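Chains as they are written, first to last, in my numbering: chain Y, 1 to 115; chain S, 1001 to 1114.
Simulated from the structure, these hints should not be mistaken for laboratory data.
From a predicted model like this one, the values you see are computed outputs, not experimental measurements.
Note that the Cβ used here is the ideal one computed from N, Cα and C, for glycine as well.
Honestly, I wouldn't trust all of these hints.
Distance ranges between label pairs, derived from CB positions [claimed, not checked]:
id	chain 1	residue 1	chain 2	residue 2	range
1	S	1042	Y	74	19 to 29 Å
2	S	1084	Y	73	34 to 44 Å
3	Y	41	S	1070	20 to 30 Å
Looking from chain S toward chain Y, a few residues come up when the C-beta cut is under 10 Å (computed) [to be verified]:
id	residue
4	1036
5	1038
6	1051
7	1100
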Amino acid sequence: DTGVSQDPRHKITKRGQNVTFRCDPISEHNRLYWYRQTLGQGPEFLTYFQNEAQLEKSRLLSDRFSAERPKGSFSTLEIQRTEQGDSAMYLCASSLLAASTDTQYFGPGTRLTVL
Amino acid sequence: AQSVSQHNHHVILSEAASLELGCNYSYGGTVNLFWYVQYPGQHLQLLLKYFSGDPLVKGIKGFEAEFIKSKFSFNLRKPSVQWSDTAEYFCAVNDRSGTYKYIFGTGTRLKVLA
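With the hints as constraints, model all of the structure from the sequences given.
Right, dumping it as structure tokens:
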């Protein structure tokens, strides 16, 4: 399977703990996006990378959130001191930006439950 | 601010019925438009996309969508639905002048009765 992969698929944690999610994009894709999806809503943009540079962060991304994409390959999203409001599906997408077009391909997501 | 509206939150149809799901967006610049589908237990998959040219675009599984610029709309259609089309459908836009991040609608849950 050469699609976007995410690990873990499910994470249950206690409030106050730190969690880290990983995303492996489609190889050769230069852009990587993180979204968050809560029940009954569409995905909401969190942040994105072009190669290894993090170019934009949403105001949804509090100081407890940090994302990295070392060497422009896989990416990690870390949430420190988790809160119950962080419970959501975290989606990763990748794309190859070309000529004003950008089609994103999504991974299966990591479902986070904070108890 | 950019926004996407999907007015139908839940739709129930019988097999062979025709489908039209509404999508309207609010954005002043040039956008790309997408419809994604999420089948139960699966990840978001691209149904179709519009970048430029013919405003009527065809996607996979017999779906099509029409971009009407004057109405800021990109409605999804299928002439005859099947039970296997039961899924959640998301409309999304991204701008061409910035990050290309997606703005999604809230989604429409479609249930097709056999």
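Here is what the structure says about each hint:
1. 1042/S with 74/Y: 19 to 29 Å: For residue 1042/S and residue 74/Y the Cβ distance comes to about 22 Å; the hint holds.
2. 1084/S with 73/Y: 34 to 44 Å: holds (36 Å)
3. 41/Y with 1070/S: 20 to 30 Å: Holds - the Cβ-Cβ distance for residue 41/Y and residue 1070/S, about 28 Å, lies within 20 to 30 Å.
4. 1036: holds (8 Å)
5. 1038: Where the cut-off is 10 Å and the nearest Cβ of chain Y is about 9 Å from residue 1038/S, the hint holds.
6. 1051: Holds, about 5 Å.
7. 1100: holds (4 Å)
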